[in-house]
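Visitor: Each chain is listed here by its residues.
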Amino acid sequence: MAVTKHIKFSEEALAQAHKIIKRYPEGKHKSALLPLLHLAQAEFEGWLSPETMDYVASILNIQPIEVYEVASFYSMYNLKPVGKCLLEVCRTSPCWLRGAEDLVDYLEKKLNIKVGETTADGMFTLKTVECLGSCGTAPMLQCGETFHEDLTFEKTDELIVKLRAENKRSRYC
Amino acid sequence: MTMGRQLLLEHLHVPGIQSLEVYRQKGGYASVEKALKTMAPDAVMEEVKKSGLRGRGGAGFPTGMKWSFLDRKSEKPRYLVCNADESEPGTFKDRYLMEKLPHLLIEGMITSSFALGAKTSYIYIRGEYFYVHKILEKAIDEAYAAGLLGKNILGTDYSLDLYMHIGAGAYICGEETALLESLEGKRGNPRIKPPFPAISGLYASPTVVNNVETIAAVVPIINMGGEEYAKIGIGRSTGTKLISAGGHINKPGVFEIEMGLPVEEFIYSEQYCGGIWKGRKLKACVPGGSSVPILPAELILKTAKGEPRLMSYESLSDGGFVSGSMLGSGGFIVYDETSCIVRNLWNFSRFYHHESCGQCSPCREGTGWMEKVLHRLENGHGKMSDIDLLVDIAKKIEGNTICPLGDAAAWPVASSIRHFREEFEYHVKYPNKVKDPKHFHHEPFVSAAKTEAVV
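Protein sequences appear in the order of chains B and R.
Letter 57 of the first sequence, counting from 1, is numbered 57 in my numbering, and no numbers are missing.
Letter 241 of the second sequence, counting from 1, is numbered 241 in my numbering, and no numbers are missing.
For reference, chain B alone in the conformation it holds in the complex (with noise of 0.2 Å):
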């Protein structure tokens, strides 16, 4: 394990922190933890540490074990380092209509990974998700907040190379 960095908010995220915060009565900023965490996720390399969750559990002033019991709930907070970009492949019966496994394989295949790796370069990590929601452009992935849809091989390949070149981490917000 590495030696812990100091975990702090660029002042940006800071202050984006507390205009969240200020959304909800007084006395009930716990209410703010589930933005909060998703922001500490893209500040902090796509995951949730644990000396972030602290972090987080001090800005909020709670306890700790408050923001563990809720990171380990929720399906989009990784509790693991996860590769620059996160492939989200919906297998759903609807997306599982029109190709779903197919996708799965393809990219598994292709990634040379299985689903819950990450890439030898650290690149791309697969993860297989529920219902998103985008059953009538099936298949389909999520990288980040875009959708992918519609999805064929050759638009796979092409979604691979760009996400390669582009070398950015993925995020939600």
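Any given hint could be a false lead.
[To be verified] Pairwise CB distance ranges, derived in the manner of DEER restraints:
(1) R:Asp42 x B:Pro25: 24 to 30 Å
(2) R:Val391 x B:His6: 53 to 59 Å
(3) B:Leu79 x R:Gly155: 49 to 55 Å
(4) R:Gln271 x B:Gly99: 22 to 28 Å
(5) R:Gly274 x B:Ser58: 53 to 59 Å
(6) R:Asn152 x B:Glu108: 56 to 62 Å
(7) B:Glu12 x R:Arg418: 54 to 60 Å
(8) R:Val391 x B:Gly99: 28 to 34 Å
(9) R:Ala448 x B:Leu79: 49 to 55 Å
(10) R:Ser74 x B:Ile65: 30 to 36 Å
(11) B:Ile65 x R:Ala449: 55 to 61 Å
(12) R:Gly380 x B:Leu79: 31 to 37 Å
Hints listed in this document are in silico derivations from the structure and should not be mistaken for laboratory results.
Think of the CB as a built atom: it goes at the ideal place given N, C-alpha and C, for glycine as much as any other residue.
Once you've looked at the hints, dock chain R against the given chain B.
Guide: For chain R alone, kept in the frame of chain B given last:
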């Protein structure tokens, strides 16, 4: 054949309709002007009652009645919370509406909050819809700048703050009390009811939680009047409904239909689904999101009595769970003849197992057992007794959990076996034939009864 009235999506294709300026040019925010300047809050609620509007998230509970339960004697602040956690497999209508017409939802939120006396309202949107969250935040900023939100809206005494709140991936947060827990910064564990949110909801204050489409429908209701709205549709299914159609059809997408449209027309007409893709035959349909019973082709097109099945709450549930289903969320999933019902059910059970919050043991354990049994059946390792075992597990989950996720997990199992038992038996009898995940692609399943009929 004419397209039905478009009360929600009328201006969908107007360039720039996402902006406040264009939205207002097209008559947007008229319901806010009318309600805040010429009506008392209770009068707004009365119009909603008269309209017969029923919750568009899936349960179909009368909206006006839900509003009337709100504790108005409480000293605590009242809240309106919009449920934009759309996660029911097959459902993508709310995303479509929010993305294309963000101001329609905001207009509905203002008019509805006024009716309920809410001074602060929230839109809880699922985490995966972050890009839609941004679209709505921009629209909210525009509305504040134009004096449609904030202090003394349009110069009236009414003030409202409206905020977005983002989820983080949990189907269960679509259940209203789980949503409120999540909005309070906690795990999405549904609460035991009573008390209902109308008495003790967000921060233990009186709260109404309504679906996106329900709130958007308040706009045309106030503009045209509840009685006029109630004239559209059929029976107790008034107005229009957004249907998100997916699966094996030629034209997947979101369609606004007038309640009462025949299902056959919806599936085969060029205006809607455009028929079954690749020239194949219709095998089955889940008309209201993954939780509602699946129906074979003959029962989705016609009721057991032989009447045409219509897109309405009553017609889709005609025959109860023996031969009917539900309108649900309007997540319309169509299966062609190559689909395997067992594989579909395994997929659904995996979904519910994944999404169970874990509070109630029948759901937490039962969904996992069903997934495992279905996995072995689908992969050719099942036993005949597994079929009744599944029915037994489903029965023991149904009705024995705090929230309806347990029921939602049980119903597809019960209905799939009721209508397609022979197909489950086939998986036990011919294990080698089902090893290929696409076993019915090359040779669609034909029931013995049908083979005999052809002979």
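Visitor: With reference to the structure, classify each hint as holding or not holding.
Guide: Comparing the hints with the structure gives:
A beta carbon spacing of about 26 Å between aspartate 42 (chain R) and proline 25 (chain B) agrees with the range 24 to 30 Å that was offered as a hint. Against the hinted window of 53 to 59 Å, the Cβ-Cβ separation of valine 391 (chain R) and histidine 6 (chain B) comes to about 57 Å, which satisfies the hint. In this structure the supplied range 49 to 55 Å holds for leucine 79 (chain B) paired with glycine 155 (chain R), their Cβ-Cβ distance being about 50 Å. Distance hint check for glutamine 271 (chain R) and glycine 99 (chain B): the Cβ-Cβ separation is about 26 Å, which falls inside the suggested range of 22 to 28 Å.
Separation of glycine 274 (chain R) from serine 58 (chain B) is about 56 Å and conforms to the stated range, judged on CB atoms against 53 to 59 Å. Separated by about 58 Å at the C-beta atoms, asparagine 152 (chain R) and glutamate 108 (chain B) satisfy the suggested range of 56 to 62 Å. Distance hint check for glutamate 12 (chain B) and arginine 418 (chain R): the Cβ-Cβ separation is about 57 Å, which falls inside the suggested range of 54 to 60 Å. For the pair valine 391 (chain R) and glycine 99 (chain B), the supplied restraint of 28 to 34 Å holds, since their beta-carbon distance comes to about 31 Å.
At about 50 Å, the beta-carbon gap between alanine 448 (chain R) and leucine 79 (chain B) stays in the expected band of 49 to 55 Å. The supplied range of 30 to 36 Å is met by serine 74 (chain R) and isoleucine 65 (chain B), whose beta-carbon atoms lie about 32 Å from each other. A beta carbon spacing of about 58 Å between isoleucine 65 (chain B) and alanine 449 (chain R) agrees with the range 55 to 61 Å that was offered as a hint. Here the CB-CB span from glycine 380 (chain R) to leucine 79 (chain B) is close to 36 Å, well matched to the stated 31 to 37 Å.
Comparing the model with each earlier hint shows no violations; every hint is respected.
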